[in-house]
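K.L.:
Sequence:
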Amino acid sequence: MACMSVAACGVKFVRISQDQSSKLFSPNKRLRSNLGSTNFSWGCFNLRLRPPSSCPRFDTYKSLAVFSSVPVDNAANPKERVVVLVIGGGGREHALCHALRRSPTCDAIFCAPGNAGISSSGDATCISDLDVLDSSAVIAFCRKWGVGLVVIGPEAPLVAGLANELVEEGIPTFGPSSEAAALEGSKNFMKSLCDKYGIPTAKYQAFTDPSAAKEYIKQESAPIVVKADGLAAGKGVIVAMTLEQAYEAVDSMLVDNVFGSAGSRVVVEEYLEGEEASFFALVDGEHAIPLESAQDHKRVGDGDTGPNTGGMGAYSPAPVLTKELQSVVMESIILPTVKGMAEEGCKFVGVLYAGLMIEKKSGLPKLIEYNVRFGDPECQVLMVRLESDLVEILLAACHGKLDGVSLDWSPGSAMVVVMASKGYPGSYQKGTIIHKLEEAEQVAPSVKVFHAGTAFDADGNFIAIGGRVLGVTAKGEDLEEARDRAYQAVEQISWPGGFYRRDIGWRALPQKQYS
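Okay, so the sequence shown: first residue is 1 according to UniProt numbering, each after it adds one.
Hints listed in this document are in silico derivations from the structure and should not be mistaken for laboratory results. Fair warning: there could be bad hints in the mix.
Under the rule of at most 20 angstroms between Cα atoms (straight-line distance), these lysine to aspartate or glutamate pairs were calculated in the EDC-like manner [stated by the list, open to error]:
1) Lys298 to Glu331
2) Lys298 to Glu359
3) Lys218 to Asp251
4) Lys339 to Glu369
5) Lys360 to Glu276
6) Lys144 to Glu80
7) Lys144 to Glu169
8) Lys235 to Asp256
9) Lys339 to Asp403
10) Lys339 to Asp408
11) Lys323 to Asp478
12) Lys203 to Glu369
13) Lys436 to Asp408
14) Lys360 to Glu273
15) Lys218 to Glu270
16) Lys203 to Glu275
17) Lys196 to Asp304
18) Lys361 to Glu273
19) Lys144 to Asp107
20) Lys235 to Asp304
21) Lys347 to Glu359
22) Lys214 to Asp256
23) Lys196 to Glu270
24) Lys144 to Glu168
25) Lys323 to Asp408
26) Lys235 to Glu369
Start from the sequences and build out the full structure, keeping to the hints where you can.
P.N.:
As structure tokens, then:
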């Protein structure tokens, strides 16, 4: 596979303001994002523009992309074949590239920065040194290669304003503006929106003073939840089962600054008891269409024990989200959010990922949090099940034309089992070698191994350079078959430095663990 490199232009940052008037924010001002503690490393590896013979690690692979000069404004016509740029380099972005590759509307796929697995699979051409936080460099790349659609995967570039700059340049971009990305970038903003537009969520208060926060916690008692207001790389939520744990969480954020500016404000909210579920909807600014349901597993250990993670596995569909409940979610949570954001002066375009709690006492959904991008690992199970043309769908969202669009999904179920470095979500060793990935994908035609934190060593071996490293995904006629295939594939992989949960899907299936 040909290796590519691009020269970076000057860094360009987006200034955002926290000033709030009668509206939650002014459309002419941008919400200041707490990016200080966010880890922007997606496991990059160096690619340079050279003849294939001088790039020995990749010359055994064939490039998927067939490049042609496609004017940017051709993207307005979905019948034209489109060059797509995917921003990010994790398992979610690998799944997006895999789905885009199947699109008859897609002419070529770039992924920046990408990772070793995305490159070696032929799902996209990876551009490792394109600075995705430098909007000038991204725009220049899009102009050079005739990119007709940009899909932004991670939250950090969204909150930093990359979508704003691309849209201003007339480049169709699937992902919200920095103002709209505040739904994820600030938990306090999201809660304020819920209050203003009657969206069901947990009772809460926001604090910058640790003493006031502790007094509120004492008043409400435990269990209780303490959240860093800003982006904290998925680690800013503490479910405190005792008052002491809650006080420690407050001190760690407001006193010890463990999350930097992201933890300069905390949201303390009531503990909701029930079953968590993930709900996704595509939004074009005014209309929203639901994706299939999915459910992930946040805790690191079997039986939902141990600390929270970015997600250790997921499956789709999720039985807990019945058709009736999905309608309730759309009517009481998603559509009021879309309407509220429009009334606040910043229409939301992208995917709304609602983290829900189906309350045990009422059986009704409440909003726990919003993410403004596809979830990871939920994206993996959704993308292998999606049968519609993803390019056409995302362009329809970009152009405000989702009304009346319907999506086609494969029957049956899908499951992903995440393999992580030992020690995650704490400290872990990098550079451990992974073998037998090809054998894993030979378990069944429906098995796909998505890469998150991988690179190549000097000998061409896959190595782990992240916490969550692989997403072993499989489809089946039902959830049990999908689970069996996924775990059979996991067991083929030789990686002494990794671990995985052995009970993904336990809420929806009879108890069964894999050794």
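K.L.:
Against the 20 angstroms threshold, does the CA-CA distance of Lys144 and Glu169 hold or violate the hint?
P.N.:
Since the Cα atoms of Lys144 and Glu169 sit roughly 14 angstroms apart, the hinted pair holds (cutoff 20 angstroms).
K.L.:
Taking 20 angstroms as the top limit, are the C-alpha atoms of Lys144 and Glu80 close enough?
P.N.:
holds (18 angstroms)
K.L.:
Regarding the pair Lys360 and Glu276, is the alpha-carbon distance no greater than 20 angstroms?
P.N.:
holds (10 angstroms)
K.L.:
Lys436 and Asp408: Cα distance at most 20 angstroms?
P.N.:
Violated: Lys436 and Asp408 sit about 33 angstroms apart, past 20 angstroms.
K.L.:
When you check the alpha-carbon spacing of Lys361 and Glu273, does it fall within 20 angstroms?
P.N.:
This hinted pair holds, its Cα atoms lying about 8 angstroms apart.
K.L.:
For Lys218 and Glu270, compute the direct alpha-carbon distance and say whether it is at most 20 angstroms.
P.N.:
It holds: about 12 angstroms lies between the C-alpha atoms, which stays within 20 angstroms.
K.L.:
Quickly compare the C-alpha distance for Lys144 and Glu168 to 20 angstroms and report which way the hint goes.
P.N.:
holds (17 angstroms)
K.L.:
Run the distance test for Lys235 versus Asp304: straight-line Cα separation, threshold 20 angstroms.
P.N.:
The hint holds at about 16 angstroms.
K.L.:
Would the pair Lys298 and Glu331 pass a check requiring their Cα atoms to be no farther apart than 20 angstroms?
P.N.:
violated (26 angstroms)
K.L.:
Sort out whether Asp403 lies within 20 angstroms of Lys339, counting only the CA atoms.
P.N.:
Holds, because 14 angstroms separates the two Cα atoms, which is no more than 20 angstroms.
K.L.:
CA of Lys339 to CA of Asp408, is that 20 angstroms or under?
P.N.:
violated (26 angstroms)
K.L.:
Compare the distance between the alpha carbons of Lys144 and Asp107 with 20 angstroms, and conclude whether the hinted pair is satisfied.
P.N.:
Cα-Cα ~15 angstroms, so holds.
In terms of the numbered hints stated before, the structure departs from hints 1, 10, 13, 17, 21, listed from lowest to highest.
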